[in-house]
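Undergrad: The primary structure of each chain is shown beneath.
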Amino acid sequence: MTLLRLPSATAPARPAVKARTRRGRADRKPRVLIAVTGLFFALLYLPIAVVTLFSFNSKKSLTVFSGFSLRWYRAFVHDDVLISSLGTSLRISLVAMAGSVVLGVALALGLVRCRTRLGSLAGLIMLVPLVTPEIVTGVASMLLFKGLGVALSTGTVMLAEITFSISYVTVILRSRIAALNPEVEEAAMDLGATRWQAVRLVTLPALLPAVLASAVLIFALVFDDFVLAYFTTGVDPQPLSVRIYSAIRFGVQPTINAVGTLMLAGSVGLIALALFIPRLFGRRGGLDILSGE
Amino acid sequence: MALLRPSSRIRRRGTGGDRIWTWLMVPGTLWMTGFLIASLVLVAVLAVGTTDDLGNPRFGFDLSGVRALADPAYSEVLARSLGYALLTCAICLLIAYPVAYTIALHAGRYKHALIAAIVVPFFANYLVRMYGWSVVLSDDGPVLRTLRAVGLADGNTKILNTGVGVVAGLVYGFVVFMIIPLYAALERLDVSLIEAGRDLYGGPVRTFFFVTLPATRQGAAAGLVLVFLPAMGDFVSAQLMGGPDQIMIGNLIQDKFFQGQNWPLGSALTMLLMLVLLIGMLGYLRRTRKDEAEARR
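Sequence order for the protein chains is A and B.
The opening position of the first sequence corresponds to residue 1 in my numbering, with each subsequent residue numbered one higher.
The opening position of the second sequence corresponds to residue 1001 in my numbering, with each subsequent residue numbered one higher.
Everything labelled a hint here was simulated from the structure, so no lab data went into it.
From the three backbone atoms N, C-alpha and C, an ideal C-beta is built for every residue, glycine too.
Misleading hints may appear alongside valid ones.
[Said to hold, decoys possible] Listed next, with one range per pair, are the computed distances between beta-carbon atoms:
#, chain 1, residue 1, chain 2, residue 2, range
1, A, Arg74, B, Leu1069, 46 to 56 angstroms
2, B, Val1150, A, Leu53, 21 to 31 angstroms
3, B, Phe1258, A, Leu148, 17 to 27 angstroms
4, B, Asp1071, A, Leu70, 43 to 53 angstroms
5, B, Arg1286, A, Lys60, 51 to 61 angstroms
6, B, Phe1059, A, Val102, 30 to 40 angstroms
7, B, Phe1258, A, Val150, 39 to 49 angstroms
8, A, Gly149, B, Lys1290, 44 to 54 angstroms
9, B, Gly1151, A, Asp236, 31 to 41 angstroms
10, A, Arg200, B, Gly1260, 30 to 40 angstroms
11, A, Ser69, B, Pro1204, 26 to 36 angstroms
12, A, Asn181, B, Asp1071, 54 to 64 angstroms
13, A, Gly192, B, Gly1108, 45 to 55 angstroms
[Claimed, not checked] Here are the simulated lysine to any residue pairs, SDA-like style, with alpha carbons at most 20 angstroms apart:
#, chain 1, residue 1, chain 2, residue 2
14, A, Lys146, B, Thr1033
15, A, Lys146, B, Arg1058
16, A, Lys146, B, Asp1140
17, A, Lys146, B, Asn1262
18, B, Lys1111, A, Tyr45
19, B, Lys1111, A, Val268
20, A, Lys146, B, Gln1261
21, A, Lys146, B, Thr1146
22, B, Lys1111, A, Ile34
23, A, Lys60, B, Asp1140
24, A, Lys59, A, Ile248
25, A, Lys146, B, Val1048
26, B, Lys1111, A, Lys59
27, B, Lys1158, B, Thr1146
Pulled out of the complex, with its shape left as it was, chain A reads as follows (with noise of 0.2 angstroms):
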């Protein structure tokens, strides 16, 4: 504006230079903003990369790496409790994620198509547990089968995993079922099909990549969890995140990072799979699916 009404010839000389100047500092590379990125990274996975050197460290120092060696990895084959939670965690995950895909795709479909009160309502209970710390809901899953006069055992983690995990494929499935086009389930049912058939040979099948993400990422999700587990276990081979919280409160040892590398490589693994489903089947990255978006 003031470029305009400057009349004189010598005094647009001072806004032109400026306006070089600032669209050079525009293109620069924000270099102060690439370092403290650089510097969120490194101590991102700083904690991740001493778990893992450590692992193979051949003596018991977390400080001091004394060379390369395989002897936590093998004290772990022999552990004969961790191996047993192994197991326990992998049959949770199993059930857990069986179950909540199962109720949850279900869900998802009715809370997109049915829009009464009882869908709205129905909205908000899948909402809760997303707001709700985890140590509410443990204490909150404790109480509830204590108070029916269950005793805590893997079947009650089972129980309480899928309750939680119900939500997460909910929130996962909804935003896809809403960017299906309804009408190709009509010209399914124009075509003869009930309903029924068309939802199970139109519908599912264009919803199997993200349902297929969401079970994998439910698995990754219930192996690692703590605090559910933690709240509803019993006596019986307790998951392998419990035993690693015992491992760690009572002194540290090396074993446990071995554990806990083998885990890390896992769900990380576990993740990737997830976000790389969606392109397996044609379509954009599956980032959506982690964030929600």
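Guided by the hints, dock chain B onto chain A, whose structure is given.
TA: For chain B alone, kept in the frame of chain A given last:
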């Protein structure tokens, strides 16, 4: 289409109509109501109940659990938890903003890869990550060794077993909850707004505070809530990174249920935690409603 509509509507009604959607919702909703809503109600009921000699819950109306909350020892822990959680929120915002900004506006085609690099380890085991972080922050861990080498710390400086350690643990645990909504907000930001700010002779700082920051306010607000919720309820960080004098409300709850066997008091503490979080949530909802109302005007 208009001709086809009536016939399809008739057929739909003939095969059970839209009731199928309602029926699909029923199992999941019943499950959640039975296992989640009922159990939360149970916590509230037990907060005013008692336990028998064996520790089994007895329902009744007894305010001893709630009355015990008046003990100043508990308000001290609550105040510390609130302080740590709010500090964690502030630090997470300060870290997450530049990181999200750099990735959203300057990472080009590496954007998605970098965000995945932040999100993926976050989904890995929380305990293992926390444990690794506690090793990193330990007295002869890499962070303190680096600080000592550049003269920012001496031999007596400690991070573990202090409040700094607890907050560092909480930040490490939950910073990704801040980055994701901020990144989403910055991604959606119209870059021409920033250019307009520059064209109007706003320096980078002024443009940031008058253009970028207000435009991403909602992402920051969502991030603050997402960090505050788990930070308030966490008990692992205070246990691994803090000493016995650094406990938070989560540690108290855990203790009342596992060591103390005082379930009514544990339930009362859980309800107190829920109350604090509810106040935070309501504040957030009011804020976003106001923002939406302003945007509509």
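Undergrad: If a hint holds in the structure, say so; if it doesn't, say that too.
TA: Outcome of the hint check:
{"no.": "1", "hint": "Arg74/A x Leu1069/B: 46 to 56 angstroms", "in the structure": "50 angstroms, holds"}
{"no.": "2", "hint": "Val1150/B x Leu53/A: 21 to 31 angstroms", "in the structure": "23 angstroms, holds"}
{"no.": "3", "hint": "Phe1258/B x Leu148/A: 17 to 27 angstroms", "in the structure": "20 angstroms, holds"}
{"no.": "4", "hint": "Asp1071/B x Leu70/A: 43 to 53 angstroms", "in the structure": "52 angstroms, holds"}
{"no.": "5", "hint": "Arg1286/B x Lys60/A: 51 to 61 angstroms", "in the structure": "54 angstroms, holds"}
{"no.": "6", "hint": "Phe1059/B x Val102/A: 30 to 40 angstroms", "in the structure": "34 angstroms, holds"}
{"no.": "7", "hint": "Phe1258/B x Val150/A: 39 to 49 angstroms", "in the structure": "18 angstroms, violated"}
{"no.": "8", "hint": "Gly149/A x Lys1290/B: 44 to 54 angstroms", "in the structure": "48 angstroms, holds"}
{"no.": "9", "hint": "Gly1151/B x Asp236/A: 31 to 41 angstroms", "in the structure": "54 angstroms, violated"}
{"no.": "10", "hint": "Arg200/A x Gly1260/B: 30 to 40 angstroms", "in the structure": "52 angstroms, violated"}
{"no.": "11", "hint": "Ser69/A x Pro1204/B: 26 to 36 angstroms", "in the structure": "52 angstroms, violated"}
{"no.": "12", "hint": "Asn181/A x Asp1071/B: 54 to 64 angstroms", "in the structure": "60 angstroms, holds"}
{"no.": "13", "hint": "Gly192/A x Gly1108/B: 45 to 55 angstroms", "in the structure": "51 angstroms, holds"}
{"no.": "14", "hint": "Lys146/A x Thr1033/B", "in the structure": "17 angstroms, holds"}
{"no.": "15", "hint": "Lys146/A x Arg1058/B", "in the structure": "11 angstroms, holds"}
{"no.": "16", "hint": "Lys146/A x Asp1140/B", "in the structure": "44 angstroms, violated"}
{"no.": "17", "hint": "Lys146/A x Asn1262/B", "in the structure": "14 angstroms, holds"}
{"no.": "18", "hint": "Lys1111/B x Tyr45/A", "in the structure": "18 angstroms, holds"}
{"no.": "19", "hint": "Lys1111/B x Val268/A", "in the structure": "19 angstroms, holds"}
{"no.": "20", "hint": "Lys146/A x Gln1261/B", "in the structure": "13 angstroms, holds"}
{"no.": "21", "hint": "Lys146/A x Thr1146/B", "in the structure": "50 angstroms, violated"}
{"no.": "22", "hint": "Lys1111/B x Ile34/A", "in the structure": "13 angstroms, holds"}
{"no.": "23", "hint": "Lys60/A x Asp1140/B", "in the structure": "15 angstroms, holds"}
{"no.": "24", "hint": "Lys59/A x Ile248/A", "in the structure": "18 angstroms, holds"}
{"no.": "25", "hint": "Lys146/A x Val1048/B", "in the structure": "16 angstroms, holds"}
{"no.": "26", "hint": "Lys1111/B x Lys59/A", "in the structure": "40 angstroms, violated"}
{"no.": "27", "hint": "Lys1158/B x Thr1146/B", "in the structure": "13 angstroms, holds"}
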